[in-house]
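J.: Listed here are the chains, written in short residue letters.
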Amino acid sequence: GENVEQHPSTLSVQEGDSAVIKCTYSDSASNYFPWYKQELGKGPQLIIDIRSNVGEKKDQRIAVTLNKTAKHFSLHITETQPEDSAVYFCAASRPSRGGYNKLIFGAGTRLAVHP
Amino acid sequence: DAGITQSPRHKVTETGTPVTLRCHQTENHRYMYWYRQDPGHGLRLIHYSYGVKDTDKGEVSDGYSVSRSKTEDFLLTLESATSSQTSVYFCAISESGGGYPYEQYFGPGTRLTVT
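The listed protein sequences derive, respectively, from chains A and B. Just add 37 to wherever you are in the first sequence, counting from 1, and you've got the working numbering. Just add 1297 to wherever you are in the second sequence, counting from 1, and you've got the working numbering.
Do not take every clue at face value.
[What the hints assert, rightly or not] Dumping the calculated SDA-like pairs for lysine to any residue here, alpha-carbon to alpha-carbon at most 20 Å:
{"#": "1", "chain 1": "A", "residue 1": "K59", "chain 2": "B", "residue 2": "K1350"}
{"#": "2", "chain 1": "A", "residue 1": "K74", "chain 2": "B", "residue 2": "H1338"}
{"#": "3", "chain 1": "B", "residue 1": "K1354", "chain 2": "B", "residue 2": "R1341"}
{"#": "4", "chain 1": "A", "residue 1": "K95", "chain 2": "A", "residue 2": "Q118"}
{"#": "5", "chain 1": "A", "residue 1": "K79", "chain 2": "B", "residue 2": "H1307"}
{"#": "6", "chain 1": "B", "residue 1": "K1354", "chain 2": "A", "residue 2": "N40"}
{"#": "7", "chain 1": "B", "residue 1": "K1350", "chain 2": "B", "residue 2": "D1335"}
{"#": "8", "chain 1": "A", "residue 1": "K95", "chain 2": "A", "residue 2": "D54"}
{"#": "9", "chain 1": "A", "residue 1": "K139", "chain 2": "B", "residue 2": "Y1361"}
{"#": "10", "chain 1": "A", "residue 1": "K108", "chain 2": "A", "residue 2": "P132"}
{"#": "11", "chain 1": "A", "residue 1": "K79", "chain 2": "B", "residue 2": "D1335"}
{"#": "12", "chain 1": "A", "residue 1": "K74", "chain 2": "B", "residue 2": "P1336"}
{"#": "13", "chain 1": "B", "residue 1": "K1354", "chain 2": "B", "residue 2": "E1376"}
{"#": "14", "chain 1": "A", "residue 1": "K139", "chain 2": "A", "residue 2": "S89"}
{"#": "15", "chain 1": "A", "residue 1": "K79", "chain 2": "B", "residue 2": "T1410"}
{"#": "16", "chain 1": "A", "residue 1": "K94", "chain 2": "A", "residue 2": "D121"}
{"#": "17", "chain 1": "A", "residue 1": "K108", "chain 2": "A", "residue 2": "D64"}
{"#": "18", "chain 1": "A", "residue 1": "K139", "chain 2": "B", "residue 2": "S1364"}
{"#": "19", "chain 1": "A", "residue 1": "K59", "chain 2": "A", "residue 2": "S122"}
{"#": "20", "chain 1": "A", "residue 1": "K95", "chain 2": "A", "residue 2": "K79"}
{"#": "21", "chain 1": "A", "residue 1": "K95", "chain 2": "B", "residue 2": "E1400"}
{"#": "22", "chain 1": "A", "residue 1": "K139", "chain 2": "B", "residue 2": "Y1347"}
{"#": "23", "chain 1": "A", "residue 1": "K79", "chain 2": "B", "residue 2": "R1306"}
{"#": "24", "chain 1": "A", "residue 1": "K59", "chain 2": "A", "residue 2": "T106"}
{"#": "25", "chain 1": "A", "residue 1": "K79", "chain 2": "B", "residue 2": "P1336"}
{"#": "26", "chain 1": "B", "residue 1": "K1354", "chain 2": "A", "residue 2": "S133"}
{"#": "27", "chain 1": "A", "residue 1": "K105", "chain 2": "A", "residue 2": "E42"}
{"#": "28", "chain 1": "A", "residue 1": "K94", "chain 2": "B", "residue 2": "E1400"}
{"#": "29", "chain 1": "A", "residue 1": "K79", "chain 2": "B", "residue 2": "T1352"}
{"#": "30", "chain 1": "A", "residue 1": "K59", "chain 2": "A", "residue 2": "G78"}
{"#": "31", "chain 1": "A", "residue 1": "K139", "chain 2": "B", "residue 2": "R1365"}
{"#": "32", "chain 1": "A", "residue 1": "K59", "chain 2": "A", "residue 2": "I85"}
To be clear, the hints were calculated from the coordinates, so they are not data collected in a lab.
Let the hints inform the model, and build the full structure from the sequences given.
T.: What follows is the structure, given as structure tokens:
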């Protein structure tokens, strides 16, 4: 089955610096790759996603890149702010006949942004 | 949390007792999911539903059952709780259509402790 590995498990940056989190997946049929941000005591919040027909997607300070050949995708956060501190999860899913998502998650990255 | 509520939000129960967690959505989304979150494992899919009375197993379904009698409600039952089922449980929902994965949104979670 699908396996998603996420690195690093913890990341500490200074405010204003960039942060990069990387994930690799094993199932070459995977075609949907969302990223979630989880703050303490809350549910995961979808922040950006990418589908396999594009290589990069950007939304203000966050961007995601996808390399289908190498089977890896990355989250880039620029100009980090203290409120970016959270746990970030990547996930992958493959097509299904019914349109549902059986997401396979990475183990998470705890990002700390220091003022 | 995208019109998703979970109840209870916290529960402590004893080994061997039955427990039912409830997920309620106001979005009229077709698909509903139950995940558990444990340190070092990210989120893992327990069961999902693709319509009223239509459910299927996820990757960690042993010891759990689900029911969906109405579009808006998805119940997760632990028939006889064990300490290994101590976890945070999240419900999620997604739209449907054409076999293409749609965004998945999560509820606030239920923290379950089995003593």
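J.: Which hints from the list above does the structure break, by number from lowest to highest?
T.: 1, 7, 20, 29, 30
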